[in-house]
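Novice: Protein sequence lines, in the order shown, are assigned to chains A and B. For what it's worth, our numbering labels the leading residue of the first sequence as 1, then goes sequentially. For what it's worth, our numbering labels the leading residue of the second sequence as 1001, then goes sequentially.
Derived by calculation from the structure, the hints in this document are not laboratory data. Relax, there's no trap hidden among the hints.
Beta-carbon label-pair distances, calculated as ranges: (1) A:Val521 / B:Ile1096: 56 to 62 Å; (2) B:Lys1042 / A:Val221: 36 to 42 Å; (3) B:Gly1306 / A:Asn253: 55 to 61 Å; (4) A:Ile505 / B:Gly1306: 57 to 63 Å.
Note that the structure is a prediction, hence the values are computed from the model and not measured. Glycine included, C-beta positions come from ideal geometry on N, C-alpha and C.
Protein chains: 2
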Amino acid sequence: MAGPLRRRLPPLPLLLLAAGGLRAAERSGGSSSAMEELATEKEAEESHRQDSVSLLTFILLLTLTILTIWLFKHRRVRFLHETGLAMIYGLIVGVILRYGTPSTSGHDKPFSCSQEDRPFTTLLVNVSGKFFEYTLKGEISPGKIHNVEQNDMLRKVTFDPEVFFNILLPPIIFHAGYSLKKRHFFRNLGSILAYAFLGTAVSCFIIGNLMYGVVKLMKLVGQLSDKFYYTDCLLFGAIISATDPVTVLAIFNELHADVDLYALLFGESVLNDAVAIVLSSSIVAYQPTGENTHAFDAAAFFKSVGVFLGIFSGSFMMGAVTGVVTALVTKFTKLHCFPLLETALFFLMSWSTFLLAEACGFTGVVAVLFCGITQAHYTYNNLSVESRSRTKQLFEVLHFLAENFIFSYMGLALFTFQKHIFSPVFIIGAFVAIFLGRAAHIYPLSFLLNLGRRHKISWSFQHMMMFSGLRGAMAFALAIRDTATYSHQMMFSTTLLIVFFTVWIVGGGTTPMLSWLNIRVGVDPDQDPPPSNDSFQVLQGDGQDSARRNRTKQESAWLFRLWYSFDHNYLKPILTHSGPPLTTTLPSWCGLIARCLTSPQVYDNQEQLREEDSDFILNDGDLTVTYGDTTITANGSSGPHTATTNLDSRRTKSSSEEALERDLGAADHEVTSRGTRLVFPLEYNA
Amino acid sequence: MAGPLRRRLPPLPLLLLAAGGLRAAERSGGSSSAMEELATEKEAEESHRQDSVSLLTFILLLTLTILTIWLFKHRRVRFLHETGLAMIYGLIVGVILRYGTPSTSGHDKPFSCSQEDRPFTTLLVNVSGKFFEYTLKGEISPGKIHNVEQNDMLRKVTFDPEVFFNILLPPIIFHAGYSLKKRHFFRNLGSILAYAFLGTAVSCFIIGNLMYGVVKLMKLVGQLSDKFYYTDCLLFGAIISATDPVTVLAIFNELHADVDLYALLFGESVLNDAVAIVLSSSIVAYQPTGENTHAFDAAAFFKSVGVFLGIFSGSFMMGAVTGVVTALVTKFTKLHCFPLLETALFFLMSWSTFLLAEACGFTGVVAVLFCGITQAHYTYNNLSVESRSRTKQLFEVLHFLAENFIFSYMGLALFTFQKHIFSPVFIIGAFVAIFLGRAAHIYPLSFLLNLGRRHKISWSFQHMMMFSGLRGAMAFALAIRDTATYSHQMMFSTTLLIVFFTVWIVGGGTTPMLSWLNIRVGVDPDQDPPPSNDSFQVLQGDGQDSARRNRTKQESAWLFRLWYSFDHNYLKPILTHSGPPLTTTLPSWCGLIARCLTSPQVYDNQEQLREEDSDFILNDGDLTVTYGDTTITANGSSGPHTATTNLDSRRTKSSSEEALERDLGAADHEVTSRGTRLVFPLEYNA
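So here's chain A without its partners, still in its complex pose (with noise of 0.2 Å):
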């Protein structure tokens, strides 16, 4: 994270180096007295038990949910999720500890020794003869100095939050990116980053403003005892706008719900995580200067939108950036003849990721997503067949733990976290503002799309996307991370409430809504044509009338259309070992480069990945017309092709725009020599 939330940030590094600040008294030698000596020792002995202890609590948990959640998925329950059961056990792990366990201060007491300037970080101390070092855990306010940290063991279950921030999230975002239904996310790329981008700035604002008159009107009422500033109340409109959609995907996926309704809510929500949490960076780095603090501030305004617009596209380089280097590793090297040391590899890669963005001071978070994507994208098409299932099943092991560890935090924190607000009014006023503010995201946005979609977003899809806006890992992670005053705790709270009420009440009518709503299931959200022959469907397309293509035409827009054949005959090329050879499509200037470019295995690909040349439908009816490029050889031998289209190519410039034509005249050429066909159903042909 960039800006002003930086300063309180442990990263992840630091929980591996941090260790060392924790260590007790070192072993002195023979010479001290062995009395002491073994007191510090009891201590440090029983402080580690109670370590493990506490970890060993969380471990319990998360079994329990498993078992739990295999006797809901045996037993067919979808009334409540996983996720919700892992809250409830938490809960109740949180009374027990909150009220079975008696509340020692140890020996915690609380030293003053009055000093210049500043703090140190590092601070020596001198007891009777000998030196301890102690370094800086952070501020107290005075008020609070008696009151923190009675419990020992409330304490030794309290995380740090950036641990969610900085070990929990980022395999949870990467999951997502990495496995982000292709297909039927590309589909939708419009109408989700409008929800994404414009849905979560409309939701924030929308909320922010609300909540500030809520808090006004606490202020009237004399509900509230501290500050609470404009930019407070927009920053938990930036929070509280990170929807989660995993209790409803997984009754989706289950029930095989509707994959366009599906790719809405999950591309939406993916990506507006990253949205909220740039978007919550910025209002903390708007800070207005001088007297006028927290009033609006034209200069601070264009700050904090600057600040958004770097962060989120420096994210989204680094997170693309190492992605397309392992694409390039793997590519180049026969890595794929040891799946053990490639598998390391793409964890080692999109770890860095994580750490490059922080080193950088973008979001790591963030970087990791779109990371998860152009793997998915890329390099995923050069791994070995082991290799792919080993890093999928590595990050689902990995998105499933951290998942399940949250939510049983988020239950266990509402008993054990020591500073909660809970005002009825705040509270009250949240339920109310979410609501409307999903209600002004949603409606007005999905109005304003059908009047450029052909395939209209029906009410009962927008009805069910109002629904389905459930919080949680990310709204939690993101409010948990400064609870350092009055009106944070009391945000932090609240969350923690929305949270329970959207995963348990809402997430628990997902079934009864989507059958009230008569939205389709029983539909196969993997369903593929059949595969290798995608290329008969686009001819018999083909030779349909250009109607189709009109309606297509108005969906794929020309941005889209110009980053995918970008994409197509130049990235997939270089990074994959498919596509069109970049000897084809490369002007003939760059003929030495583009033969070192391209893998051997392109100029004779007949076992071309079709997944991923099949993610591009740009026809969303139940008519596949597929943006294919799938060669079909008679005889097994695409040789002489190559050469054909190789010559071909060479005659033409090759702007992406005449590459599509070209492309497209060839398609029609090739049908009759069998050749690869990039057919694109426009009207070109009309």
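Chain A is fixed; fit chain B onto it per the hints.
Specialist: Only chain B this time, still in chain A's reference frame:
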């Protein structure tokens, strides 16, 4: 770890909880002076960036290592193993960090402030009206106040020793246990146990005593500037007695060297890691009371022996218990329908072993080893096919990454560790001592073992074992664990050099050594008799002369046979879906329990997992007389037979030895009736 070592342990749980200890000053609301806050923020940001960079350095190192490993494997280079490679890259980066980065001391100015009796764990400091919280880091000897932590970057790449012990070793050790080639391991169990326990103890004491001589010599010559006790020498002996087989075994695997030699080396090094850990704890626990510290004290010695036995058996029990619990859970739930849940459960249970052992005061790493063995022996058979590969692959990747990380770090530590003490006399002495220690361990023990073994350990094998006593990750982790005193620093530096030497020189010399010693290569270590017809082989074996049985009996000691029949008749049927039904093995008054515990699969167990049952090849010659219980039914149904066996068994009493006899009788009987046969090639029929 139990005993005095404990007090220096910031354990795994702390790594997560610790992050809180490093938070920079928390946001103190809007009222504080902006300038001061800004400075702290900048500092925290800088520190965060450096942390990311330092972890990125390691990822870069690992990535480079992976790519070079691939190149080496691709080119079939064998003179340098991947671990040696990782060390070289680590060395290079260490040199760069050491001499390439400016040595800034930052703002960590120590501050002295006199205080009363003994240090508090938390300190509140009043800095111009604001309160800051500090946590105790540890004691610092007065002489070192000014020379610790001079270089920020060097400090950043210096991980806490306990990271190695609590994060990196467990996956390595668990993987070793989980992937133990059981068949060859159990075939040589006696010898392996002798080498691991007796051998390590012998080696430890010989090295310890030799080093004490060296230390005395150094004192005479005046090379020693601080204290070096006899217990320190013994600790060094324990540390350096942990052999690491990675390099040798990788080459053995690749060359398909002799399986028995492989089993001996692998088994010894896996178990002696455990022995060395517990041994070093016991030596630390050996603290004679009264005036004569660091001299011999019978009471303290027996206390140490007690500690050794206690920790070892406790850790063993912990590992076995969690393994058994996992086996029961996976057996009695239908979790295998959901491989993700199953894998997650497996992972959590295996990890909880570590925590459980630590919480109970035993050694987590040792517990994890036995947990791995139990999981492989029982749980693995209950897992679904997908979970089997998932769990194997998951721990394989973790093990790979952890191992290479440790070896990279070793390279790095040679230059970045700031308290090296290289004493030429000590180093030369240590090399001589480990050579002599290894020799005194291998040759006499092999001689004794050969008295009892039919299949003698040949001279060439002995030489190879002598040669293959590499030191690796475990020795490093044990040595870096405590570097507080002069003697321990010298031991650490020496250990590092020994690891370098053995991995590079000895590891690289494995291939030439193998051919020089004429050890046969090209044997498939996974060599199995053709599946499903080993029963017929047994039949053939049965028909042959009883001389083989005689020899077989010599090798399978009664203790092992007792354990085997207990395992086969009770444990396997209880914990897995294989083995004879409990209703046949338990006495009749346990009928109800037996019926509850026996899974239905056992009765119609045609597709019995033969892998687990062919583990026990009691004859280690080339002809395979398997102790198998494979059911061969001509018509595919075994229902009637089960009833027969059932009746058979109820007729006889079922003490273990009788069960064996009965099974043997049954076997002969079953030849005609085609039922479950349990052939034990002993002389009962002769």
